Amino acid sequence: MKNIFRYDHGIARLEVEGLPDLSLEHDQEKLGIILSWKINLIGFPQLEGKKEHLEVFVSTISQYARHYISGVQKTFGLSNSLVSITPINDRHQVFLRSTREGVKPLKIILDDADLVDLTKCFDQLRNDPRVLVDWKLPKDRPLKRGDLKLNSKIARGFFFPLLGCITSLGIAIIFLFVPIDTPDSLIMEEKTEIKK
Amino acid sequence: MIQASISNSNDLTHFETGQPSFENFFQPRHFINKRAFQKLDLLLLAIESLDTNASQAIIFAINTLGLESYFPNRVVFWKFRCNNPMRKAFKIGSFSNNSLEALIALLSYMADYFYPKIRLLLSSREPENLTIERWQSFESRLNELMIERFNTRRNLVKQYLLMEKSRLARDLLLTLALASGEGGRQRLKASLFDPVL
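In order, the protein sequences belong to chains A and B. Its first residue numbered 1, the first sequence is counted upward by one per residue in the numbering used here. Its first residue numbered 1, the second sequence is counted upward by one per residue in the numbering used here.
Keep in mind the hints are simulated off the structure, nothing from the lab. Keep in mind it's a predicted model, so treat the numbers as computed, not measured. Ideal Cβ positions, reconstructed from N, Cα and C, are used throughout, including at glycine. Heads up, a few of these hints could be off.
[Said to hold, decoys possible] Covered stretches of chain B, as calculated for chain A (at least 3 residues, CB under 8 Å): (1) 104 to 111; (2) 174 to 184.
[As the list claims (entries may be wrong)] With a straight-line Cα cutoff of 30 Å, these simulated DSBU-like cross-link-like pairs (lysine-lysine) come out: (3) A/K139 - B/K34; (4) B/K91 - A/K74; (5) A/K38 - B/K158; (6) B/K158 - A/K144; (7) B/K117 - A/K139; (8) A/K74 - B/K165; (9) B/K117 - A/K74; (10) B/K34 - A/K144; (11) A/K30 - B/K117; (12) A/K144 - A/K2; (13) B/K34 - A/K107.
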């Protein structure tokens, strides 16, 4: 009764094993409950886990890809979350942390082609009409202004004019406190005027 | 080869019925910013740089996907691309959301079609000398097409031409790769409605 669905793309092969959710009247060929999954990335150790792990994995990679296509390259996933991905010098460093105690986090470094293969493999799973799992995955939507590089760009645009203004103001203040030397001839003239 | 792959994909079926489906974020025309056209045209240019016959393949794909109602001939397609402000023949033309959606679908399809070639360029596992040769060929063709079609007096084009070629080429190819297929189409569509910087 178990269903096994396979998704292949380039170096990635994802296998999801599960059952139809009969309480929701799923057909036999559907998948409503995920029992296990495993992913093989050529050149890397096999990864496997439960539904929760897969959900976090898919969510993190999808969000990373969504931001990347908008030109935003940033880390997704916290240092203690199950999956995190960081851009490093034209590569993508993925950290996978096990929920089992004593298991060290696994670090894999993907190149651009590997990242696309993995993303497209997850895309296939997300768009498979046979998979009726209630995912909590973020939908692809336009980014918010705060997500874009807007802030850093504005900051860069304002930095140098602001620095210039502060420097000019500082120099002006310094000159205000510098005593002005009066020439001796002027002092003499002043004294003679007073005598008169 | 295109026919073979379209028969396997069901991601564009809504075009066959002539009733494109829009997500609620798909904004009315006046919300579509010029950067969206810029991005789409640059991606098409990247596809044309990948293969010398890509222009023919694009026209063939338009017919295969049933998008003739949006792009009945090369001239209409070219006019649509001229919405890109970087073009020599830039002109704000009339377009519908459906035709924009059709272009996104076409781009995703073409990216999927040329994905093996894109992958060869993006992969670090390929022999280094071959990779360098492929990149040089791609970058020089991209540069030629940019100079040929874009208004090089515009600051925006100058910025692109002054950019490090490998960086621009890599960004375009990675965007194309991530825009391929059904999931990629959704990603690309969403990215076109990002706020303008």
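Against the structure, the hints come out as follows:
no.	hint	verdict
1	104 to 111	violated (count 0)
2	174 to 184	holds (count 10)
3	A/K139 - B/K34	holds, 24 Å
4	B/K91 - A/K74	violated, 36 Å
5	A/K38 - B/K158	violated, 48 Å
6	B/K158 - A/K144	holds, 28 Å
7	B/K117 - A/K139	holds, 29 Å
8	A/K74 - B/K165	holds, 22 Å
9	B/K117 - A/K74	holds, 27 Å
10	B/K34 - A/K144	holds, 18 Å
11	A/K30 - B/K117	violated, 34 Å
12	A/K144 - A/K2	violated, 42 Å
13	B/K34 - A/K107	violated, 40 Å
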